[in-house]
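Colleague: The listed protein sequences derive, respectively, from chains F and E.
Quick note: our numbering has the first sequence finishing at residue 473, numbered continuously throughout.
Quick note: our numbering has the second sequence finishing at residue 522, numbered continuously throughout.
There could be a bad hint or two in this list.
Quick partial rundown of chain F residues pointing at chain E, CB under 7 angstroms, derived from the structure [claimed, not checked]:
no.	residue
1	E267
2	P307
3	L369
4	V371
5	L379
It should be emphasised that the hints constitute simulated quantities derived from the structure, not laboratory data.
All figures in this text were calculated on a predicted structure; none of them were measured in a lab.
Note that CB positions come from ideal geometry on N, CA and C, so glycine has one too.
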Amino acid sequence: MATNSALMGFVHRRRRGAELFLLILALLVGVGAYAAVGLGVDGEVPTNLIGYGGWLTLLVVAAHVAVRRVAPYADPVLLPVVAALNGLGLAIIHRLDLARETGLASQQLTWMTLGVVLFIGTLVVLPDHRLLARFTYTSGLAAIALLILPMLPVLGTEINGARIWISVGPFSFQPGEIAKLLLVVTFAGYLVVHRDALALAGRRVLFLDLPRGRDLGPILMMWVVSLGILILQRDLGSSLLFFGLFLVMLYVATERPGWIVVGGLMFFSGAAVAVKIFSHVQNRVDIWLDPFADPSGSGYQLVQALYGFAWGGLIGRGLGEGMPERVPYAESDFILAAIGEELGLTAVMAVLLLYGLVVERALRAALISRDGFGKLVATGLAAVFALQIFVVIGGVTRLIPLTGLTTPFLSYGGSSLVANWVIIAILLRISDQARRPVPDLNEQQDDPDEQQTQIVKVVPS
Amino acid sequence: MNKPIRAVSIFCMFLFLALMANVTFLQFWRADEYNTDPKNSRVAAAAFSRERGLILVGEDPIARSEPVDDQYKYLRVYPGKQLYAPVTGYLQLGSQTGIERSQNEVLSGEDPRLFVNRLVDLLKGDTNQGGNVLLTLDPAAQRAAYTALRDTVGPEGEGAVVAIEPKTGRILAMVSFPSYDPNKLASHDRETREKAYDTLDGNKRQPLLNRAIQTRLFPGSTFKVVTAAAAIENGVYDADDDVPAGATWQAPGTSGSQNVIDNEGRAGCNPAKISFSAAMENSCNTAFAKMAVEVGPEKLREQAEKFGFNSDYLLDLGPQARSVFPEEVVDTIDDVQQDPRELNDAETARSGFGQFSVQSTPLQMAMVVSAIANRGALMRPYLVDEVQTATFDVLETTEPETLRDAISPQTADQLTDLLVATVDDGTASPAAIDGVSVAGKTGTAQRGVEGKAPYGWFVSFAPADDAQVAVAVMIQEAPGKEIAGGQLGGPIAKAVMEAVLNK
Numbered sequence: 013m014a015t016n017s018a019l020m021g022f023v024h025r026r027r028r029g030a031e032l033f034l035l036i037l038a039l040l041v042g043v044g045a046y047a048a049v050g051l052g053v054d055g056e057v058p059t060n061l062i063g064y065g066g067w068l069t070l071l072v073v074a075a076h077v078a079v080r081r082v083a084p085y086a087d088p089v090l091l092p093v094v095a096a097l098n099g100l101g102l103a104i105i106h107r108l109d110l111a112r113e114t115g116l117a118s119q120q121l122t123w124m125t126l127g128v129v130l131f132i133g134t135l136v137v138l139p140d141h142r143l144l145a146r147f148t149y150t151s152g153l154a155a156i157a158l159l160i161l162p163m164l165p166v167l168g169t170e171i172n173g174a175r176i177w178i179s180v181g182p183f184s185f186q187p188g189e190i191a192k193l194l195l196v197v198t199f200a201g202y203l204v205v206h207r208d209a210l211a212l213a214g215r216r217v218l219f220l221d222l223p224r225g226r227d228l229g230p231i232l233m234m235w236v237v238s239l240g241i242l243i244l245q246r247d248l249g250s251s252l253l254f255f256g257l258f259l260v261m262l263y264v265a266t267e268r269p270g271w272i273v274v275g276g277l278m279f280f281s282g283a284a285v286a287v288k289i290f291s292h293v294q295n296r297v298d299i300w301l302d303p304f305a306d307p308s309g310s311g312y313q314l315v316q317a318l319y320g321f322a323w324g325g326l327i328g329r330g331l332g333e334g335m336p337e338r339v340p341y342a343e344s345d346f347i348l349a350a351i352g353e354e355l356g357l358t359a360v361m362a363v364l365l366l367y368g369l370v371v372e373r374a375l376r377a378a379l380i381s382r383d384g385f386g387k388l389v390a391t392g393l394a395a396v397f398a399l400q401i402f403v404v405i406g407g408v409t410r411l412i413p414l415t416g417l418t419t420p421f422l423s424y425g426g427s428s429l430v431a432n433w434v435i436i437a438i439l440l441r442i443s444d445q446a447r448r449p450v451p452d453l454n455e456q457q458d459d460p461d462e463q464q465t466q467i468v469k470v471v472p473s
Numbered sequence: 020m021n022k023p024i025r026a027v028s029i030f031c032m033f034l035f036l037a038l039m040a041n042v043t044f045l046q047f048w049r050a051d052e053y054n055t056d057p058k059n060s061r062v063a064a065a066a067f068s069r070e071r072g073l074i075l076v077g078e079d080p081i082a083r084s085e086p087v088d089d090q091y092k093y094l095r096v097y098p099g100k101q102l103y104a105p106v107t108g109y110l111q112l113g114s115q116t117g118i119e120r121s122q123n124e125v126l127s128g129e130d131p132r133l134f135v136n137r138l139v140d141l142l143k144g145d146t147n148q149g150g151n152v153l154l155t156l157d158p159a160a161q162r163a164a165y166t167a168l169r170d171t172v173g174p175e176g177e178g179a180v181v182a183i184e185p186k187t188g189r190i191l192a193m194v195s196f197p198s199y200d201p202n203k204l205a206s207h208d209r210e211t212r213e214k215a216y217d218t219l220d221g222n223k224r225q226p227l228l229n230r231a232i233q234t235r236l237f238p239g240s241t242f243k244v245v246t247a248a249a250a251i252e253n254g255v256y257d258a259d260d261d262v263p264a265g266a267t268w269q270a271p272g273t274s275g276s277q278n279v280i281d282n283e284g285r286a287g288c289n290p291a292k293i294s295f296s297a298a299m300e301n302s303c304n305t306a307f308a309k310m311a312v313e314v315g316p317e318k319l320r321e322q323a324e325k326f327g328f329n330s331d332y333l334l335d336l337g338p339q340a341r342s343v344f345p346e347e348v349v350d351t352i353d354d355v356q357q358d359p360r361e362l363n364d365a366e367t368a369r370s371g372f373g374q375f376s377v378q379s380t381p382l383q384m385a386m387v388v389s390a391i392a393n394r395g396a397l398m399r400p401y402l403v404d405e406v407q408t409a410t411f412d413v414l415e416t417t418e419p420e421t422l423r424d425a426i427s428p429q430t431a432d433q434l435t436d437l438l439v440a441t442v443d444d445g446t447a448s449p450a451a452i453d454g455v456s457v458a459g460k461t462g463t464a465q466r467g468v469e470g471k472a473p474y475g476w477f478v479s480f481a482p483a484d485d486a487q488v489a490v491a492v493m494i495q496e497a498p499g500k501e502i503a504g505g506q507l508g509g510p511i512a513k514a515v516m517e518a519v520l521n522k
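Throw the hints in and build the complete structure from the sequences for me.
Modeller: Structure (structure tokens):
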């Protein structure tokens, strides 16, 4: 077993009461924003506020009770943070619904319900995250299958130039969102086994330990997969996300920065070539460099988003007082522009801090986790979350070229929302395991059932 | 593995810091730049959904914002319709014309003079309301001008009327015909709006044109007033002198019948020498052609420029066509442009009675007579009398501004006498008003196109000794009517003057 950060004798408190209190605050954000949207747009509190607020409360309470029952030591901050983000996202989508006369918010609420059900299900079905290590290769295959699905002729659907969707009947689904979770499991399972081989062998060039040529196999494969996604699916964001995730996990597993140097060089050279060869990538870069070159054509979306952010200023126009519907896809990729316009820099900062908290809490779980697999999964999930935030928010605020990714928990989109709720469930499970008192230390007085030694198939590490 | 996890944490922290720094830059430092970008449709839409101030004439609004239940909240309504359309212009999302455009800052509430009111509105939680603009227009004069012009030129006619208060430069009437209904152009319904615009824009009679300031034509005989002013001002002749005339005159240095200047049959011009007032009364082309040549092109141009030719002066409304007295002539020989040269005598002679390359807007001719009426002092014409808050508190009143002394008071007195005689005993008699001394001059300008009716002009002011109003009437088209002398323009000018004087 890997190094263990838990101090002997120190016992983490459960902090479920704190979680409940934070959840009430999160509900205030969600329901309050929903009421404010009604007041701002129609001048009256929405008629279904009780029903809506009740349903949201029910979901949150169900999640909380589940955590209390099956993961009592889990991190108390994660669930309230994502509940607040999800509630805010629903309110903003409802705001855009009112402007455009669409009905996406109720669909999103359905997806959130499914997300919470799967969140609870994951916690219940997965008493120990190390069970996931059994599915290292299965989930790897599943991930690749999911990534290939959109390219199949009947199932795959091209939306806005990116072929990352599959359609079954009335449902469309973005398999990449699930794939990123499966890939984290795969990478963690693989790396935790092969980390020594990858870490120890190699030669030193200057002050960097570069890996052996033969160990480059997996990284080469991942590179090919990433570029494949970029080229075949025209999805710059997912490509960057998967490869970045792999590099971070490789680095954490091997503790060798050389991997990052090698991988980073490979990615950027690949991306540079892609920019040269593929017009859609070139377009994105051109829009990023000068969105105002064609403000009513290719640059329209980004220019409108920038105007929206500026229009919001420090404190925003107020819900219902701005014109966020001017930004195409404001309910999905560009939802932060809508938040920036109507709630201002203040709310954008708050949202970024909430995301930062999710990443921080996930990495904290990784630090205190007692097993290598858990550390790698938690780090991987934190990295995938941080990278996704950076890529999408950096894109809509013109920090980096725009790539199509959803904003976790805020954006409209079922696959993303459901996948993210499952990710949070796994993170809670890891932190629950990490914060749980070591069973064979001194006996605790409360609830002897909790103290039963659980039989877990130990993963070699 | 904790060491790299910590490194990853720090890396993630930098990612978030970069995002925060960038979004702060965007929403704080760059916000002003984006929020004032004219291409930013949010700015236009926000201004469009605000309660704009009134455009007032007297106590009546000729443009106001009415609350409506659509995304823009307020609809701009123009109760004045065709009567005031050339002045008010119209408001559309992201664009305006007329006073709506020139006074946009006040009307939309963005003017710095409204800052305190904006602050109070903000504190009271009221929505920001635009300020009002009170125009100088005299509703009676405006209506009289429009009705008289429309009835005179007929439904297919075209023309314009401008009336100025000579002592101040206040524009009392500004009418252009045909006009349009701005309400349709300000409609929030895109189809209505675009259809209305396409129809108006495609109309050959150009109803969207404000002919009073945007159409410049040969001023014809009304320009003789300027020639006379130049002659008197430069000491070439006095109003009491006799001036050379004649039935015809072959312009110096020319040959052929097309260069023979005649008087279109006015026999009073036939003697070789006639009195200055007879020349004015009979509108003798030969007399003013000879006078212009004697004064010379440079002096004539200087006089025209003192009256406002070759310059812009109207600040309250745009775009304004610049009236022209040619500075030089550029000949083209075998498609090669020659060096510019001064006007030759033949050209100067024709300029002397408002032909050749002299072109004037109706407003310019109104200013010429207005300066004479004001004893030589040319006032800047203006349309905006007051800027008010939404609650009608006066923020600023326009002070009359003397542009320059176009002629001396003595010259003005002499010209007034000549023009009064022209109304009393001459071609301008249709403008005579019982019991009021009226000064006036007719004009009939050849278009230079064979077989087409001439333009009709009429300029006048009254009372001659203490002028309250100066008028210029321009008739561009009056199908089926004889455009000559004062028959058409005179009664229109008279109606406007009476409307102002009867107040």
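Colleague: Now look at each hint and say whether the structure bears it out.
Modeller: Against the structure, the hints come out as follows:
For E267(F), the shortest C-beta to C-beta distance to chain E is roughly 5 angstroms, which falls under 7 angstroms, so the interface hint holds. Proximity of P307(F) to chain E holds as hinted, the smallest CB-CB distance being about 6 angstroms (cut-off 7 angstroms). Among the interface hints, the one on L369(F) is violated; its C-beta lies about 10 angstroms from the nearest C-beta in chain E, farther than the 7 angstroms criterion. With 7 angstroms as the threshold, the beta carbon of V371(F) comes within range of chain E, its nearest partner Cβ sitting at about 5 angstroms, so the hint holds.
Proximity of L379(F) to chain E holds as hinted, the smallest CB-CB distance being about 6 angstroms (cut-off 7 angstroms).
Checked against the numbered hints given earlier, the structure breaks only hint 3 and satisfies all the rest.
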